[in-house]
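Chemist: Single-letter residue listing:
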Amino acid sequence: GAVVSQHPSWVICKSGTSVKIECRSLDFQATTMFWYRQFPKQSLMLMATSNEGSKATYEQGVEKDKFLINHASLTLSTLTVTSAHPEDSSFYICSARREAYSPLHFGNGTRLTVT
Amino acid sequence: DQQVKQNSPSLSVQEGRISILNCDYTNSMFDYFLWYKKYPAEGPTFLISISSIKDKNEDGRFTVFLNKSAKHLSLHIVPSQPGDSAVYFCAASVQGGSEKLVFGKGTKLTVNP
Chain A
577 GAVVSQHPSW VICKSGTSVK IECRSLDFQA TTMFWYRQFP KQSLMLMATS
627 NEGSKATYEQ GVEKDKFLIN HASLTLSTLT VTSAHPEDSS FYICSARREA
677 YSPLHFGNGT RLTVT
Chain B
194 DQQVKQNSPS LSVQEGRISI LNCDYTNSMF DYFLWYKKYP AEGPTFLISI
244 SSIKDKNEDG RFTVFLNKSA KHLSLHIVPS QPGDSAVYFC AASVQGGSEK
294 LVFGKGTKLT VNP
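The listed protein sequences derive, respectively, from chains A and B.
The first sequence begins at 577 in the numbering used here and counts up by one.
The second sequence begins at 194 in the numbering used here and counts up by one.
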């Protein structure tokens, strides 16, 4: 069964508004979660590493003020897309490991459409 | 610069035959490799992995082969089934997978009945 739950699965918002995406690890604690983004026919690009109790680590080229990450607990990380624009429309996916050196498990992703 | 490359964007095979998906990498520090399967509008699902200390790992119909000298790995699916039709992503990591994964662009596999 699913080990990582992501919500919502899809969202449509107007340009200029903010959208929050939740990622939960089910029945295990994740000190680290990863947020990926996928454009059509492209690979999954790591956006940031979410660390429980500390600041997220962002990949080069990812605006930390635009993509706010909060890892509030050992089972929940949130990604907030602030002041969304149409170019932010994409598929956002979170992932986590049950334990160190084990494969990443992914949520089902969130399709964001900004109109 | 793409560190993980899947040069075939698509592959079509007949049901019952073998599917071979290929992946090349450039970073010699990668020591942990994974294959994920992805359906549209869903997150990737882990299939199989291999550590650089091995050259083969098998799990049911899925076998991953690693050729470190060529910096190449492949996923074999045999026999292929229509339900295997999906996009397959190759991913790599350093430090035994404890670090972030770097993904290829994926190969869309279609298994025809």
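Rather than coming from a laboratory, the hints here were simulated on the basis of the structure.
On a predicted model such as this, the values are computed, not experimentally measured, just so you know.
Keep in mind that a hint or two might mislead.
[What the hints assert, rightly or not] Derived DSS-like pairs: lysine-lysine, alpha-carbon spacing no greater than 30 Å straight-line: (1) B:Lys249 - B:Lys231; (2) B:Lys249 - A:Lys590; (3) A:Lys640 - B:Lys231; (4) B:Lys247 - A:Lys590; (5) A:Lys631 - B:Lys249; (6) A:Lys640 - B:Lys249; (7) B:Lys249 - A:Lys596; (8) A:Lys596 - B:Lys261; (9) B:Lys231 - A:Lys642; (10) B:Lys249 - B:Lys293; (11) A:Lys640 - B:Lys247; (12) A:Lys642 - B:Lys298; (13) B:Lys249 - B:Lys298; (14) B:Lys293 - A:Lys596; (15) B:Lys247 - A:Lys631; (16) B:Lys261 - A:Lys617; (17) A:Lys590 - B:Lys198; (18) B:Lys249 - A:Lys642; (19) B:Lys261 - B:Lys298; (20) B:Lys301 - B:Lys249; (21) B:Lys298 - A:Lys631; (22) B:Lys298 - B:Lys247; (23) A:Lys642 - B:Lys293; (24) A:Lys640 - B:Lys198; (25) B:Lys301 - A:Lys631; (26) A:Lys631 - B:Lys261; (27) B:Lys293 - A:Lys617; (28) B:Lys247 - B:Lys264; (29) B:Lys231 - B:Lys261; (30) B:Lys247 - B:Lys261.
Chemist: Confirm or reject each hint.
Modeler: Okay, the hints, checked on the actual structure:
1. B:Lys249 - B:Lys231: holds, 23 Å
2. B:Lys249 - A:Lys590: The hint is violated at about 49 Å.
3. A:Lys640 - B:Lys231: holds, 28 Å
4. B:Lys247 - A:Lys590: violated, 50 Å
5. A:Lys631 - B:Lys249: violated, 38 Å
6. A:Lys640 - B:Lys249: violated, 40 Å
7. B:Lys249 - A:Lys596: Violated, at about 42 Å.
8. A:Lys596 - B:Lys261: Violated - the C-alpha atoms of lysine 261 (chain B) and lysine 596 (chain A) are around 42 Å apart, more than 30 Å.
9. B:Lys231 - A:Lys642: OK: lysine 231 (chain B) and lysine 642 (chain A) at ~27 Å, within 30 Å.
10. B:Lys249 - B:Lys293: Holds: lysine 249 (chain B) and lysine 293 (chain B) sit about 23 Å apart, inside 30 Å.
11. A:Lys640 - B:Lys247: violated, 38 Å
12. A:Lys642 - B:Lys298: holds, 25 Å
13. B:Lys249 - B:Lys298: Roughly 23 Å separates the two Cα atoms, so the pair holds.
14. B:Lys293 - A:Lys596: Judged against 30 Å, a Cα distance of about 23 Å means the pair holds.
15. B:Lys247 - A:Lys631: Cα-Cα ~36 Å, so violated.
16. B:Lys261 - A:Lys617: holds, 27 Å
17. A:Lys590 - B:Lys198: With a Cα-Cα distance of about 36 Å, the restraint between lysine 590 (chain A) and lysine 198 (chain B) is violated, given a limit of 30 Å.
18. B:Lys249 - A:Lys642: violated, 43 Å
19. B:Lys261 - B:Lys298: Since the Cα atoms of lysine 261 (chain B) and lysine 298 (chain B) sit roughly 20 Å apart, the hinted pair holds (cutoff 30 Å).
20. B:Lys301 - B:Lys249: With Cα atoms ~23 Å apart, lysine 301 (chain B) and lysine 249 (chain B) stay inside 30 Å; holds.
21. B:Lys298 - A:Lys631: It holds: about 29 Å lies between the C-alpha atoms, which stays within 30 Å.
22. B:Lys298 - B:Lys247: The given pair, whose Cα atoms are some 24 Å apart, holds under the 30 Å limit.
23. A:Lys642 - B:Lys293: Satisfied, since the Cα-Cα distance of roughly 21 Å is no more than 30 Å.
24. A:Lys640 - B:Lys198: Distance of about 28 Å is within 30 Å: holds.
25. B:Lys301 - A:Lys631: The given pair, whose Cα atoms are some 36 Å apart, is violated under the 30 Å limit.
26. A:Lys631 - B:Lys261: violated, 36 Å
27. B:Lys293 - A:Lys617: holds, 21 Å
28. B:Lys247 - B:Lys264: holds, 13 Å
29. B:Lys231 - B:Lys261: Since the Cα atoms of lysine 231 (chain B) and lysine 261 (chain B) sit roughly 26 Å apart, the hinted pair holds (cutoff 30 Å).
30. B:Lys247 - B:Lys261: holds, 9 Å
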